[in-house]
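Peer 1: Here is how the chains run, residue by residue.
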Amino acid sequence: MTPGRRHLEPLKEWLIERFIWLCGVSAIFFVFAIFIFVFREGADYFFSGFKAGEFFTSIEWYPTSRTHVRYGALALITGTFSVSFLAMFLAVPFGLGAAVFISEFCPPRLKEGLKIVIELLAAIPSVVWGFIGLTIMNSLIVRLFNAPIGLNMFNGAIILALMSVPIIVSIGEDALKAVPDSYREAAVALGCTRWQMIFRVLLPAARNGLLAAVMLGIGRAVGETMAVLMATGHSIRIPHGVLEPVRTLTATIAAELGEAPVHSDHYQVLFIIGILLFTITFVINITADFIVRGIGRK
Amino acid sequence: MVEQTPKIGVRELRLSYGQHEVLHGISFEILRNEIFGIIGPAQSGKTSLLRAINRTLEFTAGARYSGSITVDGEEVGKVRNVYELRRKIGMVAPLPVGLPLTIYDNVAFAPRMGGIRQKGSIDDIVERCLRQAALWDEVKDRLHTLGTRLSGGQQQRLTIARALSHQPEILCLDEFSIAIDPVTTMRIEEVLKELRQQMTIILVTNLVQQARRLADRTMFLFEGDIIELDRSEVIFSNSPAQQKTYDYVNGIFG
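Protein chains in written order, with our numbering: chain P, 286 to 583; chain U, 130 to 383.
Chain U extracted, bound-state conformation (with noise of 0.2 Å):
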């Protein structure tokens, strides 16, 4: 199922806001169209990590970072294009950015930056990204009303059809479902299964059953060092390798 040739890889990764290092140095691999958990409580660096894949760490005064990300073998830091970087790796962050365009205009914008015109094709993909975030049924009757006027929830779903909308390879889901309800949550889980054929997919989480139901390796990261990384079935074992993995996983301390 899972090709075993690196969609990402991160070598020797140290990243610090100022003199505060927040990564201490990790390497690791992420496969072709994987479901690859990131999980560990707050401040451990995961949305960090994630910004720095997408170099969007960049806009931030003071972030740096020494080591190396590469995406498909390139370096992040030497791509020639940047833009076309960031329309590789679709991002979701925790609590829903609406764009303050209509839902409509909220899909369509990355296909437009990226340069369609016509409006049949952005009106299909306007609607298969609805459709897989699980949004299309709610909204297909009032499209041109303002994103930010649908529910937390909705808007969340806006935000993954949006990330889907250019077609990413790779798709970040940062926590994504602390502000959606626990059955729309199994619906996009549902969908993310799917995507699974065509992307690869880094599933950030403080739901540890959210890795253990969806991911195929999960990455346990705590306070800027990588405690664990092993098969799902491993880290939710009851014998990972590692004692803390362990005692996170099982809610004995984080």
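Just chain P, same shape as in the assembly (with noise of 0.2 Å):
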């Protein structure tokens, strides 16, 4: 560097640190400011005639009867975290499995295979999923389990999956590549199987990207929306087995928010459902944060 640029440098690092603050404080930003326009528009109502009770315990979901108004959210919650959950009972296994697998066992060439296999999957548009559960999987279900309908909660937990899937497999194989090899070779040099090294050794250490890789898995089930407003069946009520139809909070607001008219009740508790989805991954999120640091502090 030449003399007279020497005395810029100063400036430069200190440009280049407020840049860097910037993009760390913009995230956090953003996601208040988000917050805070999700739940202005919802505030009116929340403090008037929100009865949380009902929201909470009701199944009656009536946003546009004439007569009796009725804003009864529990078969909605219910039915987000029925699918949510058999999703993730399919995909976590499965997507760990795979990527074990794509980590530990698989020879070097199928890997690579394997990898822009799965990274195709996971760009997979969410409405061409939503497309396969309304017709593939709705005819298969319909025929293998002889259930009346194939639009129901099983359907939607297996296109969920199917989504979830590839976001685990990547997320848990890098996590994986990342534990150093002097650990399996610490681990191998002790005697011990391919097996105890994976289940005693490479899980453990490996596990926060693990739980990461989980996290983001569920994030993306809860959240999803269009994908099971196609396969789930959209149907209000309790499901009492995973062939019956559900519907999600999610679900409910992409299908109802054009119909409601801005700032009407209907609008406003349709986002309060957006301030509950919000707080479930926000809790989801810290309970993540909790446990890891759990197991870490040992």
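Don't read these hints as lab results, they were simulated from the structure.
Below, simulated DMTMM-like cross-link-like pairs (lysine to aspartate or glutamate); rule was C-alpha separation at most 25 Å, straight line:
| hint | chain 1 | residue 1 | chain 2 | residue 2 |
| --- | --- | --- | --- | --- |
| 1 | U | 248 | U | 270 |
| 2 | U | 207 | P | 389 |
| 3 | U | 207 | P | 470 |
Given the structure is predicted, the values throughout are model-derived calculations rather than measurements.
If you follow the hints, you should be able to join the two separate chains into one complex; please do so.
Peer 2: Right under this line is the structure:
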């Protein structure tokens, strides 16, 4: 660097530091801004006519009734949780298993191919998944399980699982790859088999990354809208089995927001559902954070 | 003191990574219950040799060897149970590899893998190994904290304790002292002298004085060939067979 430019160095440093600071802080800013906006849209009703008791305990969702409007979201909450839970029940073991296979057992050439295919899977738009649920899965479930209707919780959960697995696999595989080879070699030098090495050393060493993978998978499942709207049957009820149709919180917002007059009670309740979704994901993330730290402190 | 039956036999060992040959056909024997020193500058194939013996070399893509390595007369490439072979050999790497487990679990790892379940006997093993590695007094009150939180030197002693935990017949120390202070190094050296009664020790070291202090016999490995292998008194005397050995040991080159 020429002597003439040298006096600019502190300024340059300062600019870069400010810029990086801005990048970091903007993330916090946007999260709060979204929260405030969503809350403001629902705030009027939230503080005046909103009946929390009815919202959380009633399954009667009649937002457009002429005589007696009711906003009971229990069925929707149950719908979201049941579909997401079933999806994770299918996706987590499968996704983590695939991540371990790709990272530990796969021959190099197959590995490259698999990774490309999995990334492709992750890039499929959700409406395409919904389409698959609506057509292929629908008739398949009717035929295989003799179900009266193929658009149900099971269908939605499988679609969601298929959408989450690629995320879980690619993030999980990154986490496993980040475990130093020296751990593997040390464990193997102590005379343990590959399985023992994977379960006792690799998975514990990668657990933060693996947990993050699972959390992103759950996040996708809870937040997914279009695919579940198309695949779950969109019917308001508490399901008594996996082959019954359900409706989720997200699908309700997507389906009804366009129809609800702006700033009407119905419109505002939909935003309250938005706040609820926000809170759910927030709680999930905080919980995950505590789990990670809880293990780390040991 | 040293029984005259070979514990490890190496014959015409050629070892290469891809096109690059690291060991050029070396042959030697390591006797039962001796401390066998291996000295030589970096890149002379010392670590590769150890990794070939416990068959962890096969995890490196492109690594192959020809020739023969036997442990107790059995060809390592053909053993029926490679895990048993590896449990027979304790391995300590130059930089400590603390598994991401507690101190206790690090040492209990191999015994548990080997099928020991009773808490009492695992407790005993953990205490014995930590004492042997001169670490017990420093960590006995915090056995259930993460091993990776220890200092570098403590972690290295932890890996020594761990290498002893499955009661190996052979202990390979690959430059174990580079992360440890001299006082602790001396304490561990004392331990090694005692352990010789129970096991065969291969001591790879960059500190030629360490080999002189501990090893019964020392092998000088240089660029993949054995320059000289003899009793340590000879290697470190004023008149080893090879001029190169004298030069290396006395710091004239290398």
